[in-house]
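These are the residues of each chain, in order.
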Amino acid sequence: MAEVRPDEVTEILRKQLSGFENEIDIYEVGTVLQVGDGIARVYGLNKAMSTELVEFPNGVIGMVLNLEEDSVGCVLFGESSLVKEGDQVKRTGRVASFPVGPKMLGRVVTPLGEPLDGKGPIDFEKYMPIERKALGVIDRSPVKEPLQTGITAIDAMIPIGRGQRELIIGDRQTGKTAVAIDAIINQKYTHSEEAKKYGIQPVYCVYVAVGQKNSTIAQVVAKLEEHGAMEFTTVVSAPASVPAPLQYIAPYAGATIGEYFRDKGEHALCVYDDLSKQAVAYRELSLLLRRPPGREAYPGDVFYLHSRLLERASKLSPELGGGSLTALPIIETQQGDVSAYIPTNVISITDGQIYLESNLFNAGMRPAINIGISVSRVGGNAQIKAMKKVAGTLKIDLAQFRELEAFAKFGSDLDKSTQKTLSKGERLLEFLKQGQYEPVPVEKQVVSVFVGTNDYFASIPVKDVKRFEKEFLEHVDLKYPEIFEEIRAKKVLSDELIEKMKSAVTEFITKFKISE
Amino acid sequence: MSDFNVSSRYASALLAVANDTKQFDVIAADVELVLKCFLTVKELKVAINSPIIKQEKKLQIIEALFKNNVSDKTLEFIKFVIKKNRETLLLNIFKRFIEIKNHKLGLSDIKVKVAFDLSEELKGKLKSTLENLTNKKVSINLQIDEKIIGGFIAEHENTVYDASIKHSLDLLKKKLTQGDFILN
Chain P
0 MAEVRPDEVT EILRKQLSGF ENEIDIYEVG TVLQVGDGIA RVYGLNKAMS TELVEFPNGV
60 IGMVLNLEED SVGCVLFGES SLVKEGDQVK RTGRVASFPV GPKMLGRVVT PLGEPLDGKG
120 PIDFEKYMPI ERKALGVIDR SPVKEPLQTG ITAIDAMIPI GRGQRELIIG DRQTGKTAVA
180 IDAIINQKYT HSEEAKKYGI QPVYCVYVAV GQKNSTIAQV VAKLEEHGAM EFTTVVSAPA
240 SVPAPLQYIA PYAGATIGEY FRDKGEHALC VYDDLSKQAV AYRELSLLLR RPPGREAYPG
300 DVFYLHSRLL ERASKLSPEL GGGSLTALPI IETQQGDVSA YIPTNVISIT DGQIYLESNL
360 FNAGMRPAIN IGISVSRVGG NAQIKAMKKV AGTLKIDLAQ FRELEAFAKF GSDLDKSTQK
420 TLSKGERLLE FLKQGQYEPV PVEKQVVSVF VGTNDYFASI PVKDVKRFEK EFLEHVDLKY
480 PEIFEEIRAK KVLSDELIEK MKSAVTEFIT KFKISE
Chain S
0 MSDFNVSSRY ASALLAVAND TKQFDVIAAD VELVLKCFLT VKELKVAINS PIIKQEKKLQ
60 IIEALFKNNV SDKTLEFIKF VIKKNRETLL LNIFKRFIEI KNHKLGLSDI KVKVAFDLSE
120 ELKGKLKSTL ENLTNKKVSI NLQIDEKIIG GFIAEHENTV YDASIKHSLD LLKKKLTQGD
180 FILN
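Keeping their order, the protein sequence lines are chains P and S. If you're matching positions, the first sequence starts at 0 in numbering that gives the first Met the number 0 and goes up one per residue. If you're matching positions, the second sequence starts at 0 in numbering that gives the first Met the number 0 and goes up one per residue.
Isolated chain P, as found in the complex (with noise of 0.2 Å):
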């Protein structure tokens, strides 16, 4: 805390004690009838609006969520041992907010914006409440421009624009957080002097973090910091050891530091990670609050909780200022089981998917993405044409050697065209492997899927395409970089462009020396 001075201390004394006569304070109060579970029962508050903030003793926070005719529930954030029966209940008048402003990036935050980091208070702009209506049809522009997440196999078949909301949904353990912080890393780019002299913006970032181990979020930050992520990046914290309604407000919390961002005319990603957690949580506090249970246990409103914090995603008209909100909201799935309730419920708000499968994770293929049912409904508008054109038959390619894929034991007994295709497949998944923290700019994207789907790993042994590939972007990067400053300005192939990268792998295909 900063000292305080004897002489500021008198001025505010006088300041407070000034007037006292004809100062009197007038509020709202009400009684606690019940209190237990992190749910408060409280008679009074006759004017007490939803979602409003209320005061316990002991500095214990609440909100209002039920309103009856005699008492109001409240959902406590704070431990509810502190709170007594019969307790006075003060009103704040503010519906539930969180502080925004830029000096929210690079710190870590409970839902209700304390600051967790240690870094001291933040000296934030204003607050915005965490609830708001979504935007309407007039203030919304289409999708356009690419939200680069630098991971080769969703750049190019499964293309995320800026306002987009693309669902990570998969098992425990096959790396779904991990895409998103691969993606919120790649962001560092477009805050780069660089980007800005190709006219790329830059897009801000909030993890929000919704039941998970303490310690995960702790590597998740390091992780962040460690390259050079966190300063463009606000992590909203709600772990797991923190009640249900912190839990429940969490990713409300994010979308409004994003939708601050997207007021002012730029970019924000918000990762909330997860959302069945969440919903697991809403569960938990409506079922306090005696609300009827539906499907699974779940309120009637689990829908609504998550189709009116992923519409706030969104990408505003020009009018506006042209900003945007990505959403990517991850979802556990249990032993692959996508029709479950909540994941069905998400699938069909968001425009689109990212399905990360445990098998093809342990087969080794990381990102472990089945690209047969991931889609982006959206997102290709937003690829840049120079990855359109290279990647237009990958996806095909893919799904051709996926449907021959249960003949490849058969080995040499298989007709030509048919081998062509496994070897072609077999050598495309090798090459859309790639490495956590690793992400790739969308140039060397573009060279790389150009050589996978003309076939000029046809030659290289599987073992060697991720030496290959890697080896020939340096080659390039050294003998060409005129490649990768056309398609970073340009962003179109142009056919000189096409005849110079072919001269360049046939070149560099005959240099090339297979590994033993």
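In case anyone wonders, no lab produced these hints; they're calculated from the structure. Incorrect hints may appear among the rest.
No farther apart than 30 Å at their CA atoms in a straight line, the calculated lysine-lysine pairs in the DSSO-like style are these [as the list claims (entries may be wrong)]:
1) S:Lys135 - P:Lys46
2) S:Lys72 - S:Lys100
3) S:Lys103 - P:Lys83
4) P:Lys46 - S:Lys100
5) S:Lys41 - P:Lys46
6) S:Lys112 - S:Lys122
7) S:Lys21 - S:Lys122
8) S:Lys110 - S:Lys41
9) P:Lys46 - S:Lys172
10) S:Lys173 - P:Lys118
11) P:Lys132 - P:Lys83
12) P:Lys512 - P:Lys415
13) P:Lys125 - S:Lys110
14) S:Lys72 - P:Lys46
15) S:Lys122 - P:Lys89
16) S:Lys72 - P:Lys89
17) P:Lys89 - S:Lys110
What you are looking at is a predicted structure, and each value in this text was computed from that prediction instead of being measured.
Put chain S on the given structure of chain P with help from the hints.
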């Protein structure tokens, strides 16, 4: 249906009866008497609420207690409530009755806490101030509480008018420590 709704219905029914039979004042006085009885004699409340005591017995108790003290209509009402197995709500019904009655008449009972007893003149001043604030006929229920140091705290329905020194000091403490981020 919630207890609140049930009590409100019975209370408004009693109020309607009082108006129809033009015994408003009598019944209102009866209600206050019964309520006082229930609140001061704990055993009576326990007996009436007890599920072990039979209904006839309860009716006899009420009859013996109130026959000579309250009007026929009030007695009839209490018996009616017991016959409908709503005797546990009797207290709430009477409380609601008084609330609804006060609301209709524009009366308000305000709890005022002060640090020391006030002079009659001050009381009059306080009353007129509160009447101006609430736009209601006010009856003051004065409580002396030395903990508030000075000034007064008036509670009207859910609103608190807090002009106590203790509250000012609390606010000052909060401001100085800046402990609560939520209050700017």
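A quick look at each hint next to the structure:
1. S:Lys135 - P:Lys46: OK: Lys135 (chain S) and Lys46 (chain P) at ~19 Å, within 30 Å.
2. S:Lys72 - S:Lys100: holds, 17 Å
3. S:Lys103 - P:Lys83: violated, 34 Å
4. P:Lys46 - S:Lys100: Holds, at about 21 Å.
5. S:Lys41 - P:Lys46: Status violated; Cα separation ~34 Å.
6. S:Lys112 - S:Lys122: holds, 12 Å
7. S:Lys21 - S:Lys122: violated, 34 Å
8. S:Lys110 - S:Lys41: Holds, because 24 Å separates the two Cα atoms, which is no more than 30 Å.
9. P:Lys46 - S:Lys172: Cα-Cα ~28 Å, so holds.
10. S:Lys173 - P:Lys118: holds, 22 Å
11. P:Lys132 - P:Lys83: violated, 35 Å
12. P:Lys512 - P:Lys415: holds, 26 Å
13. P:Lys125 - S:Lys110: The given pair, whose Cα atoms are some 38 Å apart, is violated under the 30 Å limit.
14. S:Lys72 - P:Lys46: With a Cα-Cα distance of about 36 Å, the restraint between Lys72 (chain S) and Lys46 (chain P) is violated, given a limit of 30 Å.
15. S:Lys122 - P:Lys89: holds, 27 Å
16. S:Lys72 - P:Lys89: violated, 41 Å
17. P:Lys89 - S:Lys110: holds, 17 Å
Hint check: violations occur at hints 3, 5, 7, 11, 13, 14 and 16; the rest are consistent with the structure.
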